[in-house]
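Sequence order for the protein chains is V and E. Okay, so the first sequence: first residue is 49 according to this note's numbering, each after it adds one. Okay, so the second sequence: first residue is 3 according to this note's numbering, each after it adds one.
Hints listed in this document are in silico derivations from the structure and should not be mistaken for laboratory results. Ideal Cβ placement from N, Cα and C applies to all residues, glycine included. Hints are supplied without guarantee of correctness; some may be wrong.
Stated by the list, open to error - Computed list of chain E residues with no C-beta within reach of chain V, every gap over 10 angstroms: (1) 31; (2) 57; (3) 92; (4) 111; (5) 117; (6) 151; (7) 205; (8) 239; (9) 254; (10) 257.
To be verified - Calculated cross-link-like contacts (lysine to aspartate or glutamate; reagent style DMTMM-like; alpha-carbon spacing at most 20 angstroms): (11) V/504 to V/406; (12) E/35 to E/20; (13) E/234 to E/100; (14) E/196 to E/235; (15) E/147 to V/349; (16) V/537 to E/173; (17) E/72 to V/470; (18) V/503 to V/352; (19) V/102 to V/140; (20) E/196 to V/208; (21) E/147 to V/352; (22) V/141 to V/115; (23) E/49 to E/65; (24) V/537 to E/174; (25) V/262 to E/77.
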Amino acid sequence: MHNKLDLDRELVSKARLKAQNIANEMQEFINGYTTTTIERTICRLLGIDGVNKKGIPLPNVIVDNIDVKKGAAAYLGSIIHKTGLEPQEIAEKVGNGSINLRNISLVESKDIQNAILPLAELGAARIRTNREERETYLKTHGDKEGPLLYVIVATGNIYEDIIQADSAARKGADIIAVIRSTGQSLMDYVPYGATTQGFGGTYATQENFRLMRKALDEAGNDLGRYIRLCNYCSGLCMPEIAAMGALERLDVMLNDALYGILFRDINMQRTIIDQHFSRMINGYSGVIINTGEDNYIKTVDAVDQAFTVLTSQLMNEQFAILAGIPEEQMGIGHAFEMNPTVKNGFLYELAQAQLSREVFPNAPLKYMPPTRYMTGDVFMGCVQNALFNIVTKITDQKICLLGMLTEAIHTPFMSDRSIAIDIAQYIFNNMENISDEILFKPDGIINRQANTSLKKAYDLLSKIEQQGLFKTLEVGTFAGIRRPIDGGKGLDGVVKKGELYFNPFIGIFLKAKEGV
Amino acid sequence: MGEHLKKMKNIGYKDKYDPTKIKPYGDTINDGKIQVSFTLPMQNTPKATIAAKQLVLKMGLREPNIVLQKSLESEFTFFVVYGHLIHNVDITKIREEDSQLFKAMSMDEINEFISQNFNRKIVVVGATTGTDSHTMGIDAIMSMKGFHGHHGLERYEMLEAHNLGSQVLNEDFVRKSIDLKADVLLVSQTVTQKRIHVQNLTNLVELLEAEGIRDKVILICGGARITKELAKELGYDAGFGQNTVAEDVATFFIKEIRNRQKK
Ligand code: B12
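Chain V with its partners taken away, still in its complex shape (with noise of 0.2 angstroms):
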């Protein structure tokens, strides 16, 4: 039951519209560009892996030699229709300098097309199965419909990220999310292979995803479950890291169409052309996007600027929409940031929380826990955790983050993910059929805040569509950051397409969205 804060619907009807509008006027300047990033994922789809005696990955050896606004599949198609090599082997050759891809001329458009759609169409093949594969082990497993539990692993090391996760699928976690290390997502390349060395999070690399999915299967199996494994889209390499996420089965990807900008600062050009091939691809693996929401009440007051997620998360609705993703697939995020010495605290929480669930009714939320009142206070950071778990099953939210006690200290150990399960099964447990038994007073606490914040998203999407979303984060209304448009890292990478330029996914990917 869905219906409990006594919503102005015309008002949420209204609030995506305005989202809808200016997530349009995003899509006309989007259509109009590609990325060094994007070119970099067509070699990927197409089946170009690897890296050149320099280590230099094959896909940027590719793009860094071709005339960018003509598209990667222009010079690959070319080469293919004189030649009849396969993609993997023209990388080889420009990798090894037998191919000079300056010196290529380009063949005619419908001679590049007929060359490159059936080797897009084998790409996208080889991800649907990866999809197909997906629903069977959720159809012989089952899966799980109350919140499920996603832990991360963040040891830098994949081996030993791999004893993590199986231990924390073993003891109940239904979702593993492998952070990444500092520093990936301001990379101009994904790293090749498998990777023992990461800061903070291990690189995010088509091997280590690999190496993981295979474990998790393995402890999957094993147990009756299916584990779902998750790693993140974000940075320069949105759609590479899409493409891979689709090519080693991972089920949930974090893919924000502002994250980058507003906390990596990276270019929001980049950004906004980025996510919207990045989220095609997620879309049609299956994946679960999750968006970073979260973020935003870091740093700033979480009942002050509650608005500003619910905002946000309008947005990134229909930036998916865009994209072809079904609100299935929409983790639409959220947190639980709350100062703890605010009075009524709980109940703002409840509040935000509620709302999300009724305003995008069908989407796997994802609910985050608290960070950053979370201090060396280990046993009260417990309770903190605990009182975000009971929201969670209270307002019946899908992805849960589960807190780590030793939050303010360092990544987590394996003993606080156990204990972290623990809690959160104990407490799922015992108020499994809460949210049918609570209603919310009609013009209480909850109530008034959830309206109120409705509100103020409302307005401030009245203002965004005003002034474009670029000016919007110019003059700094998320998280308090401002980003100039030709500021942050990445824009060299951003390129106006020429005249025939050429996306062979994108057919494919639409196609899929339209059901055709």
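Using the hints provided, position chain E with the ligand relative to the given structure of chain V.
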């Protein structure tokens, strides 16, 4: 010494409460009771129980009581152990100068001190360096708004404060500091996993030495997991941890600049 402990001594407990032999306190003076928790990389078997006991005996725990022993699945076992500790410390031997609470001046006093002693503004350049993107710490020290009701350095009349933000490469940080003619460098490091901060902080010192300006600046680092001791070890003039406010840092560096002038 608190009133109650003093009384215990006075009413004949002298043998019991002894400042030269301080032990952890559970519910009775000198009981030495503590609790520890840890995980061992072995399966939850009787062997693991023995291993855990041996380990805590080595830590100096006597009559160890394993109150929780549970499998973390696969090959790991988690323990919570209570016991009483054989070790004690002599608090009468702790040097006063090591344990004195650092007394910070107020913003006004700091401004006043600068005007009187230096006759110019002091230039402070701060950043979160390396790949670290945590800005809250450096902002707490530098931004107008500050932290817990303490204004940041940008608010100080007699300081010229430049906050360069986060993810600033050491090379850029050094170059900017030279351009701005910095007197004081403030570096924030939050991510400490796998000792990444040690690498990064060391690299900065090397760069400053290579540029020949290490001795010309006051070099200070800070962050939730930064300690005074670590900062000294890495060649910094000072290090500040949790709950630092701008006054603490400013008091330190103005006095330090003054001391160097005197020499
Ligand atoms: C907010 C937050 C974030 C925000 C940061 C937003 C921002 N603009 O800063 C976001 C979401 C972006 C973030 C990202 C990450 N985070 Co973070 N984050 C936190 C969190 C919740 C709070 C930190 C905070 O802001 N504290 C408040 C400030 C005011 O306190 P402070 O930094 O200690 O500063 C005070 C003092 O230390 C001192 N001080 C600090 N700097 C300086 C400098 C000088 C010169 C001086 C004198 C004093 C001083 O003065 C300040 C005021 O008293 C902590 C968990 C926690 N509860 O502590 C994790 C935490 C710090 N994050 C962590 C990690 C690992 C990350 C990531 C690396 C995760 C990942 N792999 O992606 C990324 C960072 C990626 C990158 N490139 O750096 C870990 C660090 C673990 C470790 N010890 O290495 C923590 C502890 C969480 C955890 N348990 O895993 N994070």
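Structure-based check of each hint:
The Cβ of residue 31 of chain E lies farther than 10 angstroms from every Cβ of chain V, with a closest approach of about 24 angstroms, so its non-interface assignment holds. With a least beta-carbon separation of about 15 angstroms from chain V, residue 57 of chain E lies farther than 10 angstroms from that chain, consistent with its non-interface assignment. Chain V leaves residue 92 of chain E outside its interface by the beta-carbon criterion, the shortest separation being 27 angstroms against a cut-off of 10 angstroms. No beta-carbon of chain V comes within 10 angstroms of the beta-carbon of residue 111 of chain E; the shortest separation is about 30 angstroms.
Against the 10 angstroms criterion, residue 117 of chain E stays outside the reach of chain V, whose nearest CB is about 33 angstroms from its own CB. With a least CB separation of 14 angstroms from chain V, residue 151 of chain E remains clear of the 10 angstroms interface cut-off, as annotated. Look at residue 205 of chain E: its CB is around 14 angstroms from the nearest CB on chain V, clear of 10 angstroms, so calling it non-interface holds up. Annotated as non-interface, residue 239 of chain E keeps its C-beta farther than 10 angstroms from every C-beta of chain V; the closest such distance is 26 angstroms.
For residue 254 of chain E, the condition that its CB be more than 10 angstroms from all CB atoms of chain V holds, with the nearest at approximately 24 angstroms. Listed as a non-interface residue, residue 257 of chain E keeps its Cβ farther than 10 angstroms from every Cβ of chain V; the least gap is roughly 29 angstroms. At most 20 angstroms may separate the alpha-carbon atoms for a hinted pair to count; residue 504 of chain V and residue 406 of chain V meet this at roughly 17 angstroms. With a CA separation close to 16 angstroms, the supplied pair residue 35 of chain E and residue 20 of chain E stays within the 20 angstroms bound.
Annotation: proposed proximity of residue 234 of chain E to residue 100 of chain E holds, straight-line Cα distance about 14 angstroms (limit 20 angstroms). This hinted pair checks out: residue 196 of chain E and residue 235 of chain E have alpha carbons roughly 17 angstroms apart, not beyond 20 angstroms. With a C-alpha separation of about 14 angstroms, the suggested pairing of residue 147 of chain E with residue 349 of chain V holds against the 20 angstroms cut-off. For the suggested pair residue 537 of chain V and residue 173 of chain E, the alpha carbons sit about 17 angstroms apart, so the restraint of at most 20 angstroms is met.
With a CA separation close to 12 angstroms, the supplied pair residue 72 of chain E and residue 470 of chain V stays within the 20 angstroms bound. A distance of roughly 13 angstroms separates the Cα atoms of residue 503 of chain V and residue 352 of chain V; the hinted pair therefore holds under the 20 angstroms criterion. For the given pair, residue 102 of chain V sits about 13 angstroms from residue 140 of chain V by alpha-carbon distance, which is consistent with the 20 angstroms threshold. Note on residue 196 of chain E and residue 208 of chain V: the hinted pairing holds, with a Cα-Cα distance of about 13 angstroms set against a maximum of 20 angstroms.
For the suggested pair residue 147 of chain E and residue 352 of chain V, the alpha carbons sit about 17 angstroms apart, so the restraint of at most 20 angstroms is met. Taken as a hint, the residue 141 of chain V and residue 115 of chain V pair is honoured in the structure, with Cα atoms around 18 angstroms apart against an allowance of 20 angstroms. A hinted pair counts as satisfied when its Cα atoms are at most 20 angstroms apart, and residue 49 of chain E with residue 65 of chain E qualifies at roughly 18 angstroms. Taking the CA atoms of residue 537 of chain V and residue 174 of chain E, the gap is near 15 angstroms; set against the 20 angstroms cutoff, the hint holds.
Annotation: proposed proximity of residue 262 of chain V to residue 77 of chain E holds, straight-line Cα distance about 19 angstroms (limit 20 angstroms).
Hint compliance for this structure: no hint is broken.
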